[in-house]
Amino acid sequence: MQNIIEELKKKFKEELQKVSDKKLLEDLRVRYLGRNGELNKILRGLKELSEEERVQVGRYINEFKKEISELMETAEEKIKQMAEDFSKEWLDVTAPGAKLPQGHLHPRTIVLRKVEEIFQSLGFSVVDSREMETDYYNFQALNFPKDHPARDMQDTFYITDELLMRTQTSPNQVRYMEKHNPPLRIIVPGKVFRRDASDATHESQFYQVEGLMVDKHISIGHFKAVIGEFFSQLYGQKIKIRLRPSYFPFTEPSFEPDISCTFCDGRGCRICKNTGWLEMAGAGMVHPFVFKSAGYSPYEWQGFAFGFGLDRLVMMKYKINDMRVLNFGDLRFLKQF
Amino acid sequence: MKFSANWLNEYLQKPLKPQEIADLLTMHAFEVETCEKFGKDFVLDIKVLPDRAHDCMSHIGIAKELAAISGLGFIESKANISEDKKIKAKDFIFVEVPSGDLCPRYSMRVLSDVKVAPSPKWMQERLAACGLRPISNIVDITNYVMIETGQPLHAFDVDKVGGKKIIVRRANEGEQITTLEGKTYKLSNQNLVIADEKVAIGIAGIKGGEGPEIDEKTKVVVIESANFEPTNIRRTSKAFNLRTDASIRFENGLDPELTIKALGRAASLMAEFAGGRVASGLIDVYPNKVKPRKIFADVEWIQGLLGLPVKIQEMVNILKRLDVPAKIIKKNKKTFIEVTPPSSRLDLRAQEDIAEEIARIMGYDKIPATVPSGILIPAAKEENLIYEDKIKDILVGAGWSEAQNYSFISDADVKTFEIVKQVEIKNPFSQDQKYLRPTLIVNLLKNVKENLKYFDGVRLFEIGRSFTMVGGNPAEWKNKIAAVVSNKNAKRPAEGLFELKGLVHILFEKLGIDDVWFDDEISSDSSVMPFWLKYTHPARRAQIKSGQNQIGWVGEIKPKILSAMEIKEKISVFELDFSEVIRIASEEREYIPPSKYPAIIRDLAIVVEQTTKIETVLNIIEIAGGPLLQDTDIFDIYEGLVDYKKSLAFRLIYQSDERSLSDAEINKLMEKIIKSLEEKGWEVRK
Chain A
1 MQNIIEELKK KFKEELQKVS DKKLLEDLRV RYLGRNGELN KILRGLKELS EEERVQVGRY
61 INEFKKEISE LMETAEEKIK QMAEDFSKEW LDVTAPGAKL PQGHLHPRTI VLRKVEEIFQ
121 SLGFSVVDSR EMETDYYNFQ ALNFPKDHPA RDMQDTFYIT DELLMRTQTS PNQVRYMEKH
181 NPPLRIIVPG KVFRRDASDA THESQFYQVE GLMVDKHISI GHFKAVIGEF FSQLYGQKIK
241 IRLRPSYFPF TEPSFEPDIS CTFCDGRGCR ICKNTGWLEM AGAGMVHPFV FKSAGYSPYE
301 WQGFAFGFGL DRLVMMKYKI NDMRVLNFGD LRFLKQF
Chain B
338 MKFSANWLNE YLQKPLKPQE IADLLTMHAF EVETCEKFGK DFVLDIKVLP DRAHDCMSHI
398 GIAKELAAIS GLGFIESKAN ISEDKKIKAK DFIFVEVPSG DLCPRYSMRV LSDVKVAPSP
458 KWMQERLAAC GLRPISNIVD ITNYVMIETG QPLHAFDVDK VGGKKIIVRR ANEGEQITTL
518 EGKTYKLSNQ NLVIADEKVA IGIAGIKGGE GPEIDEKTKV VVIESANFEP TNIRRTSKAF
578 NLRTDASIRF ENGLDPELTI KALGRAASLM AEFAGGRVAS GLIDVYPNKV KPRKIFADVE
638 WIQGLLGLPV KIQEMVNILK RLDVPAKIIK KNKKTFIEVT PPSSRLDLRA QEDIAEEIAR
698 IMGYDKIPAT VPSGILIPAA KEENLIYEDK IKDILVGAGW SEAQNYSFIS DADVKTFEIV
758 KQVEIKNPFS QDQKYLRPTL IVNLLKNVKE NLKYFDGVRL FEIGRSFTMV GGNPAEWKNK
818 IAAVVSNKNA KRPAEGLFEL KGLVHILFEK LGIDDVWFDD EISSDSSVMP FWLKYTHPAR
878 RAQIKSGQNQ IGWVGEIKPK ILSAMEIKEK ISVFELDFSE VIRIASEERE YIPPSKYPAI
938 IRDLAIVVEQ TTKIETVLNI IEIAGGPLLQ DTDIFDIYEG LVDYKKSLAF RLIYQSDERS
998 LSDAEINKLM EKIIKSLEEK GWEVRK
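Protein chains in written order, with this note's numbering: chain A, 1 to 337; chain B, 338 to 1023.
Calculated directly from the structure, the hints in this document are not laboratory data. Heads up, some of the hints might be wrong.
[Stated by the list, open to error] Using 27 Å as the maximum straight-line C-alpha spacing, the simulated BS3-like pairs for lysine-lysine come out as follows:
{"#": "1", "chain 1": "B", "residue 1": "Lys786", "chain 2": "A", "residue 2": "Lys99"}
{"#": "2", "chain 1": "B", "residue 1": "Lys847", "chain 2": "B", "residue 2": "Lys786"}
{"#": "3", "chain 1": "B", "residue 1": "Lys847", "chain 2": "A", "residue 2": "Lys99"}
{"#": "4", "chain 1": "B", "residue 1": "Lys905", "chain 2": "A", "residue 2": "Lys317"}
{"#": "5", "chain 1": "A", "residue 1": "Lys179", "chain 2": "B", "residue 2": "Lys815"}
{"#": "6", "chain 1": "A", "residue 1": "Lys273", "chain 2": "B", "residue 2": "Lys339"}
{"#": "7", "chain 1": "A", "residue 1": "Lys319", "chain 2": "B", "residue 2": "Lys790"}
{"#": "8", "chain 1": "A", "residue 1": "Lys335", "chain 2": "B", "residue 2": "Lys783"}
{"#": "9", "chain 1": "B", "residue 1": "Lys339", "chain 2": "B", "residue 2": "Lys458"}
{"#": "10", "chain 1": "B", "residue 1": "Lys401", "chain 2": "A", "residue 2": "Lys216"}
{"#": "11", "chain 1": "A", "residue 1": "Lys216", "chain 2": "B", "residue 2": "Lys718"}
{"#": "12", "chain 1": "B", "residue 1": "Lys339", "chain 2": "B", "residue 2": "Lys401"}
{"#": "13", "chain 1": "A", "residue 1": "Lys292", "chain 2": "B", "residue 2": "Lys631"}
{"#": "14", "chain 1": "B", "residue 1": "Lys703", "chain 2": "A", "residue 2": "Lys240"}
{"#": "15", "chain 1": "B", "residue 1": "Lys667", "chain 2": "A", "residue 2": "Lys216"}
{"#": "16", "chain 1": "B", "residue 1": "Lys668", "chain 2": "A", "residue 2": "Lys216"}
{"#": "17", "chain 1": "B", "residue 1": "Lys384", "chain 2": "A", "residue 2": "Lys273"}
{"#": "18", "chain 1": "B", "residue 1": "Lys783", "chain 2": "A", "residue 2": "Lys146"}
{"#": "19", "chain 1": "B", "residue 1": "Lys523", "chain 2": "B", "residue 2": "Lys501"}
{"#": "20", "chain 1": "A", "residue 1": "Lys99", "chain 2": "B", "residue 2": "Lys703"}
{"#": "21", "chain 1": "B", "residue 1": "Lys502", "chain 2": "A", "residue 2": "Lys216"}
{"#": "22", "chain 1": "A", "residue 1": "Lys99", "chain 2": "B", "residue 2": "Lys667"}
{"#": "23", "chain 1": "B", "residue 1": "Lys703", "chain 2": "A", "residue 2": "Lys146"}
{"#": "24", "chain 1": "B", "residue 1": "Lys664", "chain 2": "B", "residue 2": "Lys771"}
{"#": "25", "chain 1": "B", "residue 1": "Lys771", "chain 2": "A", "residue 2": "Lys146"}
{"#": "26", "chain 1": "B", "residue 1": "Lys828", "chain 2": "A", "residue 2": "Lys335"}
{"#": "27", "chain 1": "A", "residue 1": "Lys335", "chain 2": "B", "residue 2": "Lys905"}
{"#": "28", "chain 1": "B", "residue 1": "Lys783", "chain 2": "A", "residue 2": "Lys319"}
{"#": "29", "chain 1": "A", "residue 1": "Lys99", "chain 2": "B", "residue 2": "Lys828"}
{"#": "30", "chain 1": "B", "residue 1": "Lys790", "chain 2": "A", "residue 2": "Lys335"}
{"#": "31", "chain 1": "A", "residue 1": "Lys335", "chain 2": "B", "residue 2": "Lys401"}
{"#": "32", "chain 1": "B", "residue 1": "Lys838", "chain 2": "A", "residue 2": "Lys335"}
{"#": "33", "chain 1": "A", "residue 1": "Lys114", "chain 2": "B", "residue 2": "Lys847"}
{"#": "34", "chain 1": "A", "residue 1": "Lys179", "chain 2": "B", "residue 2": "Lys718"}
[What the hints assert, rightly or not] To list a few chain B residues with every Cβ distance to chain A over 10 Å, as calculated:
{"#": "35", "residue": "Leu386"}
{"#": "36", "residue": "Asp552"}
{"#": "37", "residue": "Asn654"}
{"#": "38", "residue": "Lys758"}
{"#": "39", "residue": "Leu966"}
We treat Cβ as the ideally placed atom computed from N, Cα and C, and that holds for glycine.
When you get a sec, could you build the whole thing from the sequences and use the hints?
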């Protein structure tokens, strides 16, 4: 009897080896463990055996049943794994992704946000302003009398004799000071206009950022620290600053801050024309005339003011070689930002 | 202005290398734009700015700067005139200055027996280096002395001056003058002229006239060295669009003391190089001599402004190097520097000007960077600007890209878009930039046109200022938000229009504005017709409203405009009033938690006339549905049923925040809604 069972075991194992899917496994299970299966056939033959033999064979069979169950389980697991072969569901995942709608900020907006963020961290508030100005705020209040040759430094679009398109963001120095008491720190970003032919480096409209800091004791040294910190944060590297003398009617002394060339680190390259320096802005100490225009007591307060071209920063950052692309909604350009 | 390095070095104790000159000037005085070899010389292009044009548009002026910066001594040029006692200037010419207000000083010298010939080679070379064309010894000497001293000179042939009289007067109305170039100008009494007894022989300070010019036969020369009132020169020069080396110098103002120095130098050169005899006597009409002025510069104030405790003695030394007399005085326990600027320094007016001289000569590099102390003012950003950023981010997030266009539009644009009340630029530079934009749409459409060459779908927006005439006056009008969309191969009519309606919803929802609707009942009263109606499709446009406030409009561009612009695709646009949008926007939204109770969903199909507005059907459903009807979505529109009808399918979502709803009560509500719809004569499909 025992031999029969051993034989059966061997046969079962052989057959199990050949089973490759769930259905065959089920067939196998029925053939051995089913109601008319091999094991039941043996059990049915038990009654012809003695009590003692019955107990012994019964034990064999139970062990065998257990073994079959375990083997079946393992086989089932194996089949399951085989069934999880996704090869039929293959697709080319390198095919391009879905084209979802995608918008882009203008690069000027991206750079301006960075500029505003840095100045805000330095305590400067960001102030809104207007583009059409009066001759008074754009010029006279800033110490450019009518018929002053310094007006030639800024070719102007006039609307009437007294109204114009602002040539600079500086009118907001007086406009802001008229409404606010010192101490103050502000920046005023905005569009300005010059009556000029358009080419790769000149435009009839561009963006400036005006800065103004006023307090009891403000010095050129303070300006150097603030502007140096701004450019260092903007470029994420230590930037050196030098001041060259200049002239603006509304600052005295007037100077132009240059920054160490960000392309060659000041060693001299094509972009800085081998000087190691890049011209960045116009600046100076607020002229007492301007304080007077704003209704401040001129020698009671000191301050510095500066203005720089935002477009130049944008062009430098993204290596844009033609200013005109900034003033047209060309998606071939905008999509790159 | 162009300068010769050799010439500049002539005034210095020790010559400087051209590059040294360039570097010193750049860091202490003026920007040197170029420094280039020119024969045996170097030419420097120095950017002299208006505050120093009165003294530094001259080799002497720049050389004095170099002397002060480098500490080298300055050597004066020689002017040895030996007057010929036998001849007297006043016998040759008589000068009258009736318009003294426009001519503070008028000086002249006379030379007889001159021989007009080419000027010496060295002079010709220097003039050429400075960009001037050599003409003859007499004319070249006047030019040479001008670029040497900064004082413009003019030479006349005395024998051709009518009545031997020079009159400096205002022109008569309608008087004409023909300049040496042969151009004729019509003058008015706003213009100052140099005239002889009968006619104008020069536009004062700007250009000489035909008549008494120097030619090869000239024997007696009278040299004019004058000081003219700058504003008048500038106005005349601008009015005639005539800028000359002389007018540029006069319009910046000149030192009245300079006339006779230049005159002496010119006479000495003419005696030497044109063989002239200098007539004795100087003709000089100078009724009001300029008086020296004093500046009291507060030493402590200057130190504070510079951010460096420069020693007082160093300040005084710097001023002395600049040839500016200065002394230290004490007043009320404060130390001042009393400065007496020389007449040649018209720009030194107050202590801030003195501060600049000290800072720049010393060098700005000496001033250390110092972090400002003081009360920290919290940095804020104006609300407008915060909203602008936010709106940009919302639109970009929805798939629109930000354009930034010119604020100008052209004549052709005004015609195409039938724009009225546009603001005109008085002095446009080009025809493309003749007017200011009253709407952002015009330039955005141009963007679309270009982009359609490369893309099948174009989505752009812009935020910017618009301009218009308000009550007859030019005004900066509204800040606007505009968006455009154009799709090639659109799948349904006015697809873009509905895309933009969707965009408006996204924008408003994110800005916290719940109440927005589209009003297509637009008044056709042409007297109050807003101009956007002129370029939008009459059947495909709506006002965008919140409550009763109009905040913008949306529409498809009229075919006529598109064909005028040669655009083949349909374009939809919206334009919103920025300040209205942010006025309504409220960020203080209250959070409503999602209901804990299940929702009950019912669908409803209604057959209505083709022309029935969905908005109208929705309103009836929502009113009848009451507060338990939380949302109604349209999910299908089927047009083209018989009898010009269409079928609308709605999904109705019922939900309460307080309890579970029963089927029975929803059935009741549905019956109520159906009844309301049927009352309108619409068929509800059950």
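Hint check:
no. : hint                 : in the structure
1   : B:Lys786 to A:Lys99  : holds, 22 Å
2   : B:Lys847 to B:Lys786 : violated, 30 Å
3   : B:Lys847 to A:Lys99  : holds, 24 Å
4   : B:Lys905 to A:Lys317 : violated, 37 Å
5   : A:Lys179 to B:Lys815 : holds, 22 Å
6   : A:Lys273 to B:Lys339 : holds, 20 Å
7   : A:Lys319 to B:Lys790 : holds, 25 Å
8   : A:Lys335 to B:Lys783 : holds, 18 Å
9   : B:Lys339 to B:Lys458 : holds, 19 Å
10  : B:Lys401 to A:Lys216 : violated, 36 Å
11  : A:Lys216 to B:Lys718 : holds, 24 Å
12  : B:Lys339 to B:Lys401 : holds, 16 Å
13  : A:Lys292 to B:Lys631 : holds, 22 Å
14  : B:Lys703 to A:Lys240 : holds, 14 Å
15  : B:Lys667 to A:Lys216 : holds, 23 Å
16  : B:Lys668 to A:Lys216 : holds, 22 Å
17  : B:Lys384 to A:Lys273 : holds, 18 Å
18  : B:Lys783 to A:Lys146 : violated, 38 Å
19  : B:Lys523 to B:Lys501 : holds, 25 Å
20  : A:Lys99 to B:Lys703  : violated, 58 Å
21  : B:Lys502 to A:Lys216 : violated, 60 Å
22  : A:Lys99 to B:Lys667  : violated, 78 Å
23  : B:Lys703 to A:Lys146 : violated, 37 Å
24  : B:Lys664 to B:Lys771 : violated, 57 Å
25  : B:Lys771 to A:Lys146 : holds, 24 Å
26  : B:Lys828 to A:Lys335 : holds, 25 Å
27  : A:Lys335 to B:Lys905 : holds, 23 Å
28  : B:Lys783 to A:Lys319 : holds, 26 Å
29  : A:Lys99 to B:Lys828  : holds, 17 Å
30  : B:Lys790 to A:Lys335 : holds, 15 Å
31  : A:Lys335 to B:Lys401 : violated, 55 Å
32  : B:Lys838 to A:Lys335 : holds, 24 Å
33  : A:Lys114 to B:Lys847 : holds, 24 Å
34  : A:Lys179 to B:Lys718 : holds, 16 Å
35  : Leu386               : violated, 4 Å
36  : Asp552               : holds, 34 Å
37  : Asn654               : holds, 18 Å
38  : Lys758               : holds, 13 Å
39  : Leu966               : holds, 32 Å
Taken one by one, the earlier hints fail for this structure at numbers 2, 4, 10, 18, 20, 21, 22, 23, 24, 31 and 35, listed in ascending order.
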